[in-house]
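2 protein chains.
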Amino acid sequence: MHHDHTESHLKSSEMLTDIVIGMADGLTVPFALAAGLSGAVSSSNIIVIAGIAEICAGSIAMGLGGYLAGKTEQDHYASEIKREYLEIESLPQREIEETKEFFANIGLSPALQVQATEEISRDKNRWVNFMMKYELGLEKPDPKRATKSALNIGLSYIAGGIIPLSPYFFISDSKEALVISVGATLICLFIFGYFKSRITGVNPLMGALRVMLIGAAAAAAAFGVAKLFVA
Amino acid sequence: MHHDHTESHLKSSEMLTDIVIGMADGLTVPFALAAGLSGAVSSSNIIVIAGIAEICAGSIAMGLGGYLAGKTEQDHYASEIKREYLEIESLPQREIEETKEFFANIGLSPALQVQATEEISRDKNRWVNFMMKYELGLEKPDPKRATKSALNIGLSYIAGGIIPLSPYFFISDSKEALVISVGATLICLFIFGYFKSRITGVNPLMGALRVMLIGAAAAAAAFGVAKLFVA
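Those protein sequence lines, which keep their order, are chains A and B.
Just so you know, my numbering puts 127 at position 127 of the first sequence, and the rest follows in order with no gaps.
Just so you know, my numbering puts 31 at position 31 of the second sequence, and the rest follows in order with no gaps.
This is chain A alone, in the form it adopts within the complex (with noise of 0.2 Å):
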């Protein structure tokens, strides 16, 4: 049970993590960037032209930011794995020192630290992939992961980003859109936050309560700010 909790948990995590990336911040950003052009415009005709910019650049930069942090862990997990087999060839005594450390550290005799350092170096490619994993904490990457890492999180991003925005295509006073805007969002923010501590074990109540009061304090300082550099 314990075991199906961890793999269950691994599994679903890297999607929901992706998901929980894009939401937060799409649900967060275009909404205070409108609830701060409020605060400087009447109109909401710009501030549909600002909000759809900038849902466009956020999904798209946060998008191939998760592309490239994906290919970024394969590129370092080669590298590193091309080190670790080129360390064990060259410097194969440091490495069964460090292995000796390992089983130190866990808490094993010095006689067991041998004789466990002596089995798993038998064999070189599990000897690697053990230093890859324990020593450095390195797991082996999915490579399809960069790409659907890329549309889960700019997806994510755009489905957060219309909520607050929707009101000012409807109301074309942006002082009227942004109640709206605000109620819709708050409330919003408040179940996207109790879903996303559910899954990550926090308190749900008061990970919603934390999520909404972010997003709320976002858009107070820019609606502020904006405000402060229109007078």
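One or more hints might be untrue.
For chains that are exact copies, the list does not tell them apart, and a pair is met inside one copy or across any two.
Stated by the list, open to error - No more than 30 Å apart at the CA atoms, straight line, and that leaves these computed lysine-lysine pairs for BS3-like:
#, residue 1, residue 2
1, Lys227, Lys175
2, Lys82, Lys144
3, Lys124, Lys148
4, Lys133, Lys100
5, Lys148, Lys82
6, Lys133, Lys144
Keep in mind that the hints were calculated from the coordinates and are not lab data.
Fair warning: this is a prediction, and the values are worked out from it, not measured in the lab.
With chain A's structure known, arrange chain B on it following the hints.
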């Protein structure tokens, strides 16, 4: 030396990761937003206000987002460690099987699996720490990390965002300002991408090009979409 590499890698990486997160989005999103608005409005004035609102909103949202991520990591660690202590008390046999499984997976012989598990399970605290780190892959988070993370990400976002926006402060025609903004930001994205790639061990020139192209793509898309909505 290898060990030093790992250590220094871990030490510097948290702060650098935060700076990279903040600056990557700070350079890209305000840049693309300003570019997008330049396709829609001819006066730099509204772009400056929107840009400042965006930098304000983005830095707070991302900074507080980093804070939240740090806090969530702490809460998650605290709840998992409690559960692990509980499981050792209530289902010790299952935990012993899981520990043996770990040693089987890294390639130890059945005899050593039993001995290593026996030694490790003698000290409860050590056993729990071992399960946390190697079964669940969770590191004990630094309690100050959340606050530091928020500041590093937020300030890096502001530092990054000021670069693409600054030409609009001084040049009243948005199309003219855009040209300077594109030039300055692409150079900065290239330099930023170069250093980011060196840190993560990726080919620096390739990495720099990738980062620059992402920024350019986001800006071009925002410009195009905003123009579509105005026409």
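Checklist line | Within, between, both or neither: Lys148, Lys82 at alpha-carbon 30 Å | finding: within (26 Å within a copy, 34 Å between copies)
Item checked: Alpha-carbon proximity between Lys124 and Lys148, which holds within one copy, between copies, both or neither at 30 Å -> neither (32 Å within a copy, 41 Å between copies)
Check: Under a CA distance limit of 30 Å, which applies to Lys82 and Lys144: within one copy, between copies, both, or neither?
Finding: within (21 Å within a copy, 35 Å between copies)
Notebook entry, point to check: Quick one: Lys227 to Lys175, C-alpha cut-off 30 Å, is that within a copy, between copies, both, or neither?
Noted result: both (13 Å within a copy, 25 Å between copies)
Notebook entry, point to check: For the identical chains here, do Lys133 and Lys144 meet the 30 Å Cα criterion within one copy, between copies, both, or neither?
Noted result: both (20 Å within a copy, 27 Å between copies)
Item checked: Homo-oligomer pair classification [Lys100, Lys133; C-alpha up to 30 Å] -> So Lys133 and Lys100 pass the 30 Å test inside a copy (15 Å) and across (17 Å) alike.
This entry does not satisfy hint 3, going by the numbered hints stated previously; all others are met.
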